[in-house]
Amino acid sequence: MYQQSREEVIRRQQEEMLELSTPVVQIWEGILALPLIGTLDSARTSVMMETLLQKIVETRSELAIIDITGVPTVDTLVAQHLLKTVAAARLMGADCLISGIRPQIAQTMVHLQIDLSEVTTKATLAEALRFALKRSGRPTQSKDSRE
Amino acid sequence: MDRIPAPMDRIPILRMGDLLLVTIQVDMHDRLASALQDDLTGKIAEVSAKGVLIDISSLDIVDSFIGRMLANTSAMARVLGAEAVVVGMQPAVAITLVELGVNLSGVHTALDVEKGVEMLRNRIGFPERDDTDVRF
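Those sequence lines, one after another, are chains Y and V.
Numbering of the first sequence is given in the working numbering, commencing with residue 1 and proceeding in unit increments.
Numbering of the second sequence is given in the working numbering, commencing with residue 148 and proceeding in unit increments.
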């Protein structure tokens, strides 16, 4: 009896955690942040990416920061999802940065030969925000990075 | 005897000063796409348009044909001296195009018409004032 309810509690908490880790937050006018937490699997990453793209449309944000500080490991499949999201956002007219890349993950990504040449990456969310603010703070400058 | 195309067979092109706006709402097939390219390139030349907005916010599915059509149309506009921007791409469409690996590297994009106009203005500037004075 005790065993059963303990398992139920664990299961319920896992479900809650799943829902908790997908919020897209607007951290500035026109800038969204998606802090990813925990081990990412293909399905979860896919859902979160769609949510981000949808929020970009809803809020008309031209910049999104995907922060992976809370992600312990990144494998090829997850990296492909991230890159796909960045490419899709760019096609829509927005730009994605990836931040919170830990040294270990940076090494893994290079070893896996994941091509990050098309993506702006920053070590911390703060750096990414600074970059994003600089970008959006000059309306007279040509925003043609979506070529 | 040649059949004169009914209005429904061609996509309307709206003019806003030195900008042209095209809204794609229906499935594009070969004939419609080439009619659009004919009409658009003709119009760009006729009014010396400096910018073209291609609104695809009504499209919720695409294929590589549409992707190529957008890329080609942008290129044609550029050759004629106009900058093109594709606006309103839906997330599902963007994901599809990425997965299909369609090369859209020469195509400018913006989230909506308003941002599209802003982008165009940053690139092409504002028209010189004259008595018709339409400013967007």
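Calculated from the structure, these hints are not laboratory results.
You may find that some hints are simply not true.
Within a straight-line C-alpha distance of at most 27 Å, the following computed BS3-like cross-link-like pairs (lysine-lysine) qualify [said to hold, decoys possible]: (1) Y:Lys-122 x Y:Lys-55; (2) V:Lys-190 x Y:Lys-84; (3) V:Lys-190 x Y:Lys-55; (4) Y:Lys-134 x Y:Lys-84; (5) V:Lys-190 x Y:Lys-134; (6) V:Lys-262 x V:Lys-190.
Covered stretches of chain V, as calculated for chain Y (at least 3 residues, CB under 8 Å) [unchecked claim]: (7) 229-238; (8) 244-258.
One side only, chain Y facing chain V, incomplete, derived with CB under 8 Å [claimed, not checked]: (9) Val-47; (10) Glu-50; (11) Leu-53; (12) Arg-60; (13) Thr-73; (14) Ala-88; (15) Leu-91; (16) Gly-93.
Every residue, glycine too, gets a C-beta built ideally from N, C-alpha and C.
Evaluation of the provided hints:
| no. | hint | result |
| --- | --- | --- |
| 1 | Y:Lys-122 x Y:Lys-55 | holds, 22 Å |
| 2 | V:Lys-190 x Y:Lys-84 | violated, 36 Å |
| 3 | V:Lys-190 x Y:Lys-55 | violated, 36 Å |
| 4 | Y:Lys-134 x Y:Lys-84 | holds, 25 Å |
| 5 | V:Lys-190 x Y:Lys-134 | violated, 38 Å |
| 6 | V:Lys-262 x V:Lys-190 | holds, 23 Å |
| 7 | 229-238 | holds (count 4) |
| 8 | 244-258 | holds (count 11) |
| 9 | Val-47 | violated, 12 Å |
| 10 | Glu-50 | holds, 6 Å |
| 11 | Leu-53 | holds, 4 Å |
| 12 | Arg-60 | holds, 5 Å |
| 13 | Thr-73 | violated, 24 Å |
| 14 | Ala-88 | holds, 4 Å |
| 15 | Leu-91 | holds, 4 Å |
| 16 | Gly-93 | holds, 4 Å |
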